[in-house]
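Protein chains: 2
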Amino acid sequence: MKIDIDAARLSEELAELARFTHAEPSPEGTAVTRVVFTEDDLRARAWLRGLAAEEGFAIREDAVGNTFIRWVGIEPDLPAVGTGSHIDAIPHAGMYDGTVGVLGGLEAMRALKRSGQRFRRSIELLLLTSEEPTRFGIGCLGSRLLSGTLDPQRADSMNDTVDAESQGTLSDVRNAAGFTGDLASVRLEPRFYHAWLELHIEQGALLEREGLPIGIVTSIAAPAGYRFTISGFGGHAGALLMPDRRDALCAASELILSIERHALAANAASDTSDTVATVGTCGVFPGAVNSVPSRVVLQLDIRDTDPARRESVMQSVRCDYTEIAGRRRVQIEEELVNADAPAQSAPHIVETLDAVCAELGISPKKMVSRAYHDSLFMARIAPIAMIFIPCRGGVSHRPDEHSSPEDIARGTLVLAHALARLAAE
Amino acid sequence: MKIDIDAARLSEELAELARFTHAEPSPEGTAVTRVVFTEDDLRARAWLRGLAAEEGFAIREDAVGNTFIRWVGIEPDLPAVGTGSHIDAIPHAGMYDGTVGVLGGLEAMRALKRSGQRFRRSIELLLLTSEEPTRFGIGCLGSRLLSGTLDPQRADSMNDTVDAESQGTLSDVRNAAGFTGDLASVRLEPRFYHAWLELHIEQGALLEREGLPIGIVTSIAAPAGYRFTISGFGGHAGALLMPDRRDALCAASELILSIERHALAANAASDTSDTVATVGTCGVFPGAVNSVPSRVVLQLDIRDTDPARRESVMQSVRCDYTEIAGRRRVQIEEELVNADAPAQSAPHIVETLDAVCAELGISPKKMVSRAYHDSLFMARIAPIAMIFIPCRGGVSHRPDEHSSPEDIARGTLVLAHALARLAAE
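The listed protein sequences derive, respectively, from chains A and B.
Take 0 as the starting number for the first sequence in numbering that gives the first Met the number 0 and just add one per residue.
Take 0 as the starting number for the second sequence in numbering that gives the first Met the number 0 and just add one per residue.
The set of hints was computed from the structure by calculation and includes no laboratory data.
Keep in mind that a hint or two might mislead.
What the hints assert, rightly or not - Derived Cβ-Cβ restraints for the label pairs, each shown as a range:
1. A:Thr168 with B:Ser25: 21 to 29 Å
2. A:Ala268 with B:Arg328: 20 to 28 Å
3. B:Thr160 with A:Asp76: 37 to 45 Å
4. A:Pro404 with B:Glu332: 33 to 41 Å
5. B:Leu335 with A:Ala45: 23 to 31 Å
6. A:Arg326 with B:Ser272: 13 to 21 Å
7. A:Glu38 with B:Ser156: 36 to 44 Å
8. B:Ala6 with A:Pro24: 28 to 36 Å
9. A:Arg190 with B:Ser25: 52 to 60 Å
10. B:Ala340 with A:Ser25: 40 to 48 Å
11. B:Arg317 with A:Ala268: 34 to 42 Å
12. A:Ala45 with B:Glu332: 37 to 45 Å
13. B:Ala268 with A:Ala340: 50 to 58 Å
The beta carbon of each residue, even a glycine, is placed where N, CA and C say it ideally should be.
Produce the complete structure using the sequences and hints provided.
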């Protein structure tokens with residue numbers, strides 16, 4: 000079967016999608032900010048539906064905005080083969096994270112259609128809502144709901160942290176965006192998909208370092224999210240003397256350094272780099288230059304291929320912050336936002352990808368995904384695997400994130416071949 | 000001369016002024032947020048002008064919104080006696096900081112008028128714009144411009160940090176608020192005021208601890224503001240491994256703790272509590288839970304009665320952050336936002352206050368103001384002093400800030416007597 004990827008069109012479409020953004024231009028590359036259900040996101044979704052409609056693909060949207068773009072197969076009642084990713088982007092991010100899997104998935108479907116073949120199973124592109132946690136504090140919102148991993152009622156009451164002034168919830172925001180209906184209806188029945196594949200940039204530098212063009216993901220690391228609230232005692236920056244202080248930001252600084260120290264220690268003890276811990280936000284209250292911070296809220300993202308090691312790092316951090324809180328006379332509260340189990344790829348799909356790579360003369364690298372992906376949750380309702388392509392310097396979530404048109408086209412070609420094989424099963 | 004303060008009316012007016020706020024109600028006390036030139040601030044100003052107009056006082060506003068409320072004296076060409084303070088409040092602050100000096104000043108003038116006396120010199124209440132640095136990053140905006148301490152062109156181009164999205168400057172914001180004209184016109188001629196007095200809550204606990212009802216401020220400590228920008232290297236929180244990180248927030252945490260450590264060491268070395276250092280804001284970029292911080296901006300407020308000791312703390316901090324930057328492979332840039340010299344009260348006015356207290360049977364405490372006040376800048380163009388009243392637990396810049404109606408009335412009475420003596424000179 001001859002499958003041709005239109006690499007030029009795919010590059011142009013990626014560039015066009017990058018224009019739906021609220022980010023200021025950056026000298027480092029194409030800056031993209033596209034927070035879920037903002038005007039930029041809604042315009043990008045409309046544009047994507049337009050591309051799908053041109054091809055005559057069937058389009059369905061669910062109550063949380065997950066968008067299903069289906070090329071109906073010869074036997075429409077068989078479970079479909081799914082592929083997809085996300086188009087939302089954290090503030091001031093790049094143009095390839097997620098988007099390569101969405102537009103690459105669309106191009107793979109178009110290429111299969113152009114090849115003149117028809118397949119037993121339907122092939123479906125899935126645009127997943129809010130893979131990034133920017134707006135509601137939890138990542139993979141769409142795939143969590145599809146897989147029944149997140150309670151629909153709890154989801155609907157999650158607060159909008161981007162437009163905090165509005166005091167809106169997910170329910171308010173999605174309804175305003177035109178995605179109405181009961182969130183409970185989002186969940187897919189088991190065996191909805193025969194197989195699921197996600198094409199994604201690596202967001203690490205291993206493929207580039209080893210000069211390999213394709214990664215086959217065999218497992219996805221287990222991420223956890225925590226929120227820490229440090230409550231001290233505020234006051235006037237001039238008049239509240241140092242011995243009387245219970246400064247929440249000083250306590251938070253110690254906690255941040257404790258987290259870093261224990262993650263590094265876990266790496267050293269296991270002689271790996273498998274534990275990563277990041278405090279990515281630090282909200283200071285009242286947040287005035289002349290006021291002693293009375294409250295600080297930190298968000299921690301900690302991931303490991305080994306959930307037990309992740310938990311042991313957290314235990315060490317807890318020992319530290321108990322001591323910090325006592326010594327500094329502040330309160331430190333810990334809240335678990337999410338803690339997910341790792342996912343394993345389906346051996347059968349990994350073998351399919353191996354066979355495709357062999358057919359195309361590509362040496363793939365078997366690898367662990369340390370980044371969070373919707374496939375982590377899709378794995379709960381379908382056999383999955385992921386295809387990684389190199390990205391320059393391993394840089395991601397920044398304007399200088401970059402994957403070459405050749406690597407994107409090659410990944411898309413591997414995806415198309417694998418979809419063809421799986422849809423013929 | 001019999002001067003009667005209407006304590007009940009003054010309390011009611013303070014409570015009424017506290018209602019011009021954007022703060023959410025707080026169980027701890029009356030929460031007030033009144034950022035300069037917001038709708039709350041503009042409504043409060045209009046209300047205050049109304050109170051002044053009722054008394055027949057003359058009202059003038061300058062190009063930055065400083066508001067002059069004058070009771071014209073028998074010899075209108077003589078330099079006036081001035082008093083006043085500010086009504087702007089940092090986010091989630093209390094209801095007494097600044098406002099006691101404004102409404103107390105107004106009540107002092109009304110009480111003098113009620114007493115039936117007339118004075119040679121005009122007595123003028125001055126509402127000073129933006130004593131708090133919340134919106135433009137620099138405190139005492141109005142009094143800096145009045146005293147020629149801040150270049151008008153530089154002032155007009157300062158960025159609005161509260162509504163950062165608008166990318167507006169002071170020029171844009173004040174014009175939108177109706178304060179037009181050249182900022183250079185704000186500066187007062189030398190000897191505009193014969194004397195200046197500011198009534199203020201102590202914002203410290205010394206008066207309360209010693210059971211003294213009135214403080215006479217003999218000097219105001221020298222404050223300085225710095226901005227630190229820490230630039231590291233961002234990336235995906237899952238994929239950017241710990242050994243490759245140059246996390247700006249971890250570096251910032253070390254800097255915050257270094258500042259605290261050296262301020263404490265300066266206290267220990269001098270056996271005083273005269274050095275205070277506060278990092279009150281911590282902006283994290285990009286500020287997403289799953290993104291390694293690439294840039295952090297901290298604002299430092301450091302004050303001392305001894306400018307040399309303040310500078311020596313900064314030197315120690317600089318040594319530390321040079322080492323931190325090298326070890327963590329980040330850049331740390333320091334920017335001086337403001338560094339002001341301390342101010343001394345005029346002996347003549349201090350003596351006048353001493354005489355008033357003696358007449359009223361009050362034992363005052365001579366003290367240093369560690370908090371920043373407009374009087375620091377008024378001292379550059381007029382002989383000044385300040386009157387402090389106790390505030391509960393020394394708490395300020397918080398909803399539970401509190402001064403009793405009796406203490407407020409007593410401070411206002413001392414102010415009125417002192418204004419009378421000075422206006423008769």
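Outcome of the hint check:
no., hint, in the structure
1, A:Thr168 with B:Ser25: 21 to 29 Å, "holds (23 Å)"
2, A:Ala268 with B:Arg328: 20 to 28 Å, "holds (24 Å)"
3, B:Thr160 with A:Asp76: 37 to 45 Å, "violated (60 Å)"
4, A:Pro404 with B:Glu332: 33 to 41 Å, "holds (37 Å)"
5, B:Leu335 with A:Ala45: 23 to 31 Å, "violated (49 Å)"
6, A:Arg326 with B:Ser272: 13 to 21 Å, "holds (19 Å)"
7, A:Glu38 with B:Ser156: 36 to 44 Å, "violated (31 Å)"
8, B:Ala6 with A:Pro24: 28 to 36 Å, "violated (59 Å)"
9, A:Arg190 with B:Ser25: 52 to 60 Å, "holds (53 Å)"
10, B:Ala340 with A:Ser25: 40 to 48 Å, "holds (41 Å)"
11, B:Arg317 with A:Ala268: 34 to 42 Å, "holds (36 Å)"
12, A:Ala45 with B:Glu332: 37 to 45 Å, "holds (43 Å)"
13, B:Ala268 with A:Ala340: 50 to 58 Å, "holds (54 Å)"
The structure fails hints 3, 5, 7 and 8 (numbered hints given earlier, in ascending order).
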